[in-house]
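Using the hints provided, position chain B relative to the given structure of chain A.
Number of protein chains: 2
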Amino acid sequence: MEQSVLAAIKSIIPEERIFLNLSDRYSYSFDASFGEYLPDIVIQPKNTEEISELVKLANIHSIPVYPRGASTSLSGGPLPVNGGMVLDMSRLKDKLIIDRENLLAIVSPGVITGDIHKQAEAVGLFYPPDPSSSHVSTIGGNLLENSSGPKGLKYGTTKEYVIGLEVVTPTGEIIRTGGKTVKNVTGYDLTRLIVGSEGTLGIITEAVLRLIPKPQERKTLLASFDSLVQSGHAITGILSAGILPSAMELMDNACIRAVENFSPSGLPLNAEAIIIVEVDGHPAAIAEEILKCEELCMKAGAASVRVAQNEDERLSIWKARKMVSPAITQMGPTKISEDATVPRSEIPKMMERLNEIRDKYRLNLVVFGHAGDGNLHPNIITDKRNKEEMKRVEDAVSEIFEAAVQLGGTLSGEHGIGMLKAPYMEMELGVDGLSMMKKIKEAWDPNGILNPGKIFPKAGQKKVVLT
Amino acid sequence: MEQSVLAAIKSIIPEERIFLNLSDRYSYSFDASFGEYLPDIVIQPKNTEEISELVKLANIHSIPVYPRGASTSLSGGPLPVNGGMVLDMSRLKDKLIIDRENLLAIVSPGVITGDIHKQAEAVGLFYPPDPSSSHVSTIGGNLLENSSGPKGLKYGTTKEYVIGLEVVTPTGEIIRTGGKTVKNVTGYDLTRLIVGSEGTLGIITEAVLRLIPKPQERKTLLASFDSLVQSGHAITGILSAGILPSAMELMDNACIRAVENFSPSGLPLNAEAIIIVEVDGHPAAIAEEILKCEELCMKAGAASVRVAQNEDERLSIWKARKMVSPAITQMGPTKISEDATVPRSEIPKMMERLNEIRDKYRLNLVVFGHAGDGNLHPNIITDKRNKEEMKRVEDAVSEIFEAAVQLGGTLSGEHGIGMLKAPYMEMELGVDGLSMMKKIKEAWDPNGILNPGKIFPKAGQKKVVLT
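Protein sequences appear in the order of chains A and B. Once you know that position 365 of the first sequence is 365 in UniProt numbering, the rest is easy, because the numbers rise by one and skip nothing. Once you know that position 110 of the second sequence is 110 in UniProt numbering, the rest is easy, because the numbers rise by one and skip nothing.
Rather than coming from a laboratory, the hints here were simulated on the basis of the structure. Wrong hints could be hidden among the right ones.
Since the list gives no way to pick out one identical chain from another, each pair is judged satisfied if it fits inside one copy or across any two copies.
[To be verified] For lysine-lysine, the following DSBU-like pairs were computed, each having C-alpha atoms within a straight-line distance of at most 35 Å:
id, residue 1, residue 2
1, K384, K360
2, K438, K349
3, K118, K299
4, K439, K93
5, K438, K299
6, K299, K384
7, K349, K360
8, K95, K299
9, K391, K118
10, K56, K439
11, K214, K360
12, K46, K10
13, K56, K438
14, K391, K360
15, K95, K349
16, K214, K322
17, K95, K10
The shape of chain A in the complex, shown without the other chains (with noise of 0.2 Å):
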């Protein structure tokens, strides 16, 4: 970095929140993905000020802004592949204001979204959305990722619960867009444009998020199926019978025994499948709503019905599906997490492709996921040192994507693309979707400075080198 510059920035940002030497740069070069990529400098700004200022620096001399929340990112959304600067957004963590009157929450992006659950839960409220990280992550990471979690299907994604935000453009300038009213059609959607962006389109300084009432309680159960069809029959006629339950989880073989040998939990180890259903609401309406669950499991042939018959029971319940993601690291030391997300009708179908591409490709892969809205997490377990097995690895994510898109679904349902799925966008939106979205980011980000070599694939690019 020239001399001038770093002056430049030193008189921006005071030295002690500045950071250059290497083992500091370290600790900035990777997210929960995988890959290396050392920043020149790494920037903990604590106001939206500070960041205009600095962006407007990057775009005179061209030098790469990397926003980063915590780090979670399972797609490379915050690595400094270009080098240049980080701005860890963790100081900004001054706002967690929830206004009951309004059902609003205002909150700064370096708020944990936990927090937010807490704070609103002690008054009533309830904020929905729930990415698994979400005791770690930062607010300002899940909304430019648009994560989402398990409840997406009665509660809708992330994305419908934010209303307004304060953004740094890629070029400098303070904006705000939406505000405190859930109706605003005063021009373009810009907040939405900017949720799920993935730090390409502006940093998020402040964003104002939608409550809802709390639900008054919650009942849960776990039904294991013998095979795959019937578990997706019961999901089907849970649906049809005019029940949203808040979650609908889904787990394979592979994946109960994966948690069965981590940590014993009493999962069925033979069930091919098993899910877990949950309602929540008005204490009558869901006594009546498990049951139904209960018959339509059964009818659909389940070999085993467990409701929770107490808290303790749906604690344990969901600790097993919570033991998933630790249980699936301990069994190698790479672990490729997808999202891929089909319409939930085709879910047996895409369970089918899944097994086929474990067969073809001779990989440790196993299922999980969001059954209700669709949004599957196929994991595959390996070792990036294996430069052989990591090509089939390559392999067969390439051919996840292509049956996803087949069977009318998208690459990625909440963990975005980042840099790890570029190279298949145009598969799934056509040479001129994909254009109209890089008008956008041309429009915008003239100088290209905002989280560079995400997103967008590299001309001729048609695969990621994983290793």
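Structure of chain B alone, referenced to chain A:
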């Protein structure tokens, strides 16, 4: 229109779907706002490919293109203000598919929104968005304006129910955005960018809508108050109690009098405000909730509360609400219908400001609206031939917008900017916010042919000349 251009159009569209004579063109010169603008030609395309060809041709010859649904727009959305070509979308109505398994509807843009309601409800499903004009307006127009109606508080706006689109871009390419899954983060959210873009960013030729199970039952009450502040307390009290009504409507005294004058419905003539609260869901849940709402209204100081005891009584309460628009229309030849929206806690203050504005400009101003989501509908009854009064109307409208923005709200909750609110965009968005929107428009529509003259103010334009 040049003969060579006309010949080119005739090579795309058969003559019986092309209209050139004055009387036909006149029928397409107005909408439900006011102002008349004659198009040069009216075309009724029948499919996406025809539209794509026409738009490409329009780009070559710089012909303005105005897509048009049922033209119930209250903001001048479809008006062909620069002449050119009106595309009457009413013939694109072949698709209305309800996909029960995936809880989706796939629809053509010319389908009447009310028909989607009917078809969905016939199989136990539900499409919540319900603009007052839904029995005549088309889904294409509803989507492009993001008009939502009374259920926004509980169910969110129209946008929350659109997950995929087929679109003809401003340069004539056919793209698909989103898809059939609720979760989709593959690139930018073009779906939500186009929904609400008022026909300036693309022409919707197909949409995938999300449906939910139909609520089992509804309960409704009507409460009257001697003061607006009391009704505000009732609204806040209900929401703070953890109840999320499916509708919460407000009518002021001028509105009550207008309805009673037009069609006596037993509304209390002396009340300063009445509110209608409806809850829906499981019978046991809503039986409790409606009692709680009644209590909270009384606690807030209601003069009277009437809970509908059966479906007839429920419908008669709603009949009074639905009489508002016809009642007002009868009061004078010109109705200026606004939709300024404020955070709901600011409704009492906004009502006060509206009273001041009514007195200051000596206008016939009545107020009703969707109190739950802060979306008010101040309506001014006037006569557009009275130039002196129209000047006062214009100043009053300007002050209404200022008040909404000052209270943290927005110019438009659901009617759109169209041409009538364009001059006020900068007041809400700031120079930079507006500029980011313009950059998208310019990048996507370099020849400025799609719905020109809308949304963006002309340089230096401060007001719309209403007459």
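Comparing the hints with the structure gives:
{"no.": "1", "hint": "K384 to K360", "in the structure": "within (19 Å within a copy, 73 Å between copies)"}
{"no.": "2", "hint": "K438 to K349", "in the structure": "within (33 Å within a copy, 44 Å between copies)"}
{"no.": "3", "hint": "K118 to K299", "in the structure": "between (38 Å within a copy, 30 Å between copies)"}
{"no.": "4", "hint": "K439 to K93", "in the structure": "both (33 Å within a copy, 31 Å between copies)"}
{"no.": "5", "hint": "K438 to K299", "in the structure": "neither (49 Å within a copy, 56 Å between copies)"}
{"no.": "6", "hint": "K299 to K384", "in the structure": "neither (44 Å within a copy, 66 Å between copies)"}
{"no.": "7", "hint": "K349 to K360", "in the structure": "within (16 Å within a copy, 67 Å between copies)"}
{"no.": "8", "hint": "K95 to K299", "in the structure": "between (50 Å within a copy, 34 Å between copies)"}
{"no.": "9", "hint": "K391 to K118", "in the structure": "neither (43 Å within a copy, 52 Å between copies)"}
{"no.": "10", "hint": "K56 to K439", "in the structure": "both (21 Å within a copy, 18 Å between copies)"}
{"no.": "11", "hint": "K214 to K360", "in the structure": "neither (46 Å within a copy, 44 Å between copies)"}
{"no.": "12", "hint": "K46 to K10", "in the structure": "within (14 Å within a copy, 62 Å between copies)"}
{"no.": "13", "hint": "K56 to K438", "in the structure": "both (21 Å within a copy, 20 Å between copies)"}
{"no.": "14", "hint": "K391 to K360", "in the structure": "within (13 Å within a copy, 75 Å between copies)"}
{"no.": "15", "hint": "K95 to K349", "in the structure": "between (45 Å within a copy, 26 Å between copies)"}
{"no.": "16", "hint": "K214 to K322", "in the structure": "both (22 Å within a copy, 32 Å between copies)"}
{"no.": "17", "hint": "K95 to K10", "in the structure": "within (26 Å within a copy, 61 Å between copies)"}
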